[in-house]
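As given, the protein sequences belong to chains P and L, one line each in that order. Everything in the first sequence is counted per the numbering used here, starting at 298 for the first residue and increasing by one. Everything in the second sequence is counted per the numbering used here, starting at 496 for the first residue and increasing by one.
Some hints could be false.
Unchecked claim - Computed spacing ranges between beta-carbons, pair by pair:
no., chain 1, residue 1, chain 2, residue 2, range
1, L, G802, P, V339, 30 to 38 Å
2, L, D770, P, Q330, 41 to 49 Å
3, P, E374, L, D628, 42 to 50 Å
Bear in mind the hints are in silico, worked out from the structure with no lab data behind them. Ideal Cβ positions, reconstructed from N, Cα and C, are used throughout, including at glycine.
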Amino acid sequence: MSRPLPRLDNDNRAFWTGGADGELRLHQCQDCQAFIHPPRPVCRSCLSEHVKAVAVAGTGVVDTYTVNCQKFSPTAEVPFVIARVAIDGAPGVILTTNIVDCPVDAVDIGDRVRVKFEQHGDVWLPLFVKAS
Amino acid sequence: MRTNEAFITGVGMSEVGTKLTRHPLLLTLDAIKEALAESGLAIGQIDGVSTYPGRVPAYLGFSPVGADEVIDALGIRATWYAGGGEISSQLGAVVAAAAAVRAGLARHVICFRTVYEAAAMARPDEYPALRRDRVDGSSQWTAPFNAISAANWTAQYAMRHVKRYGLTREQLAQVALTDRANALLNPRALVREPLTLDQYMAARMISTPLCLYDCDRFTDASTVLIVSAGDALDEVKCTPVRIAAMAGTVERHSWDQPEWMACYPTGADLWKHTDYKPDDVDTVQLYDGFAFYPICWLEALGFCELGEGGRFIEGGKRIALDGELPLNTFGGQIAGGRLHGFGFAHEAVTQLRGNAGARQIKNDPRVAVCTSGGGPLATALLLARD
């Protein structure tokens, strides 16, 4: 499936390339431990600039989802599942993603999922699969 | 009359259609002329302009005309103006204008929203969309997952209502059915065909649980509201409608980081600025780019509890034109046309003035709520004819 890809910069590179090492990386404040997503060079909880990308477990829970049936993109095959996944160990961080490798009607709110990276050139997209 | 407050005086609207060939600046002019005629104001009395989201060169169909162009083209001498997208959704432009007239920065402000998406899509050579190799900004968090449409982002909130609160398709259908029924009585409505529940239930899905009839469609039109200062009403010939309260709370402009949509804090905040209560409201004109939004707005504004919106509109009688709380009496965006937020304020004013013709609400409505957005951005206005 062809996808629009993010332009890499110093703020987002850790997130989009962590998959090269099999790691889901999120920005975390080193002073108050809050997570900062989207990644920025300042903590939105305590305004500390002492932030860095850290690896999280790469598992999470489906917060909500939709089955997209409309061919909004000429290159994406429908139907497919779009979901918001609440990331384990990173309170407040929710990623929009796809749940793959299962029938579209097999996904529900509350499902446990784990990351599965899909490489597109210099970008590793964090997709998710159901945790068995 | 309360001289330190802001009022909506003239309202105007261009032809509403798809694939129009009339220049979008001229559609804007059509709506401005209608608003001026209604208010009795001349263009020389206009000293402010406010718009959302300003001219968007990368996607001209979305917003082909900016405040700069209107000021220059119409020879307006503006003592205050604003236009931009980083504001609390479309009607944020009206909030800004109201603040400006209350501060004495202008007396009569033209607020406009011009859309040209259907025409631009039909004539891409004339109105090209900028193509980028890569996405950035907020798009990077959704587009790589082919979550491209606002239908996808909205559908995820709607699915949570389905699973958590038991929202049914029959309940959701009442928004589109009400819109379609009201549009039959509005000569300017974009979609003037009846819709039955059976047709709705048989419709194809766009992004579950939203089906084809839950979505608005690209429209070409311009909508204008003139916001006037309370101490300038002696220059106006029409019945002024007071902006009794306004709210536009945004916590995080994002489709996935917030737990809830921005309509919830915005709806709650609206009542902090007024002595009016939800029970005083005669009609609600609630943003419905997707049919799910009015359900959330009804909850957010306190007409019912969180999660009860579906049951509140069940069967459709309560929100019908002759019901206790008529909703989107011009057809909303789903049937009235994607006027993008401004249509709701235009209709609220039209109803409060008794100018709605065949779709006029009975019993002399005096208080209305109108809203725009609801997802990551939201604005609510309480309008009153005192």
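Review point. Can you list which hints this structure breaks, lowest number first?
Key: Number 3 - this is the single hint that the structure violates.
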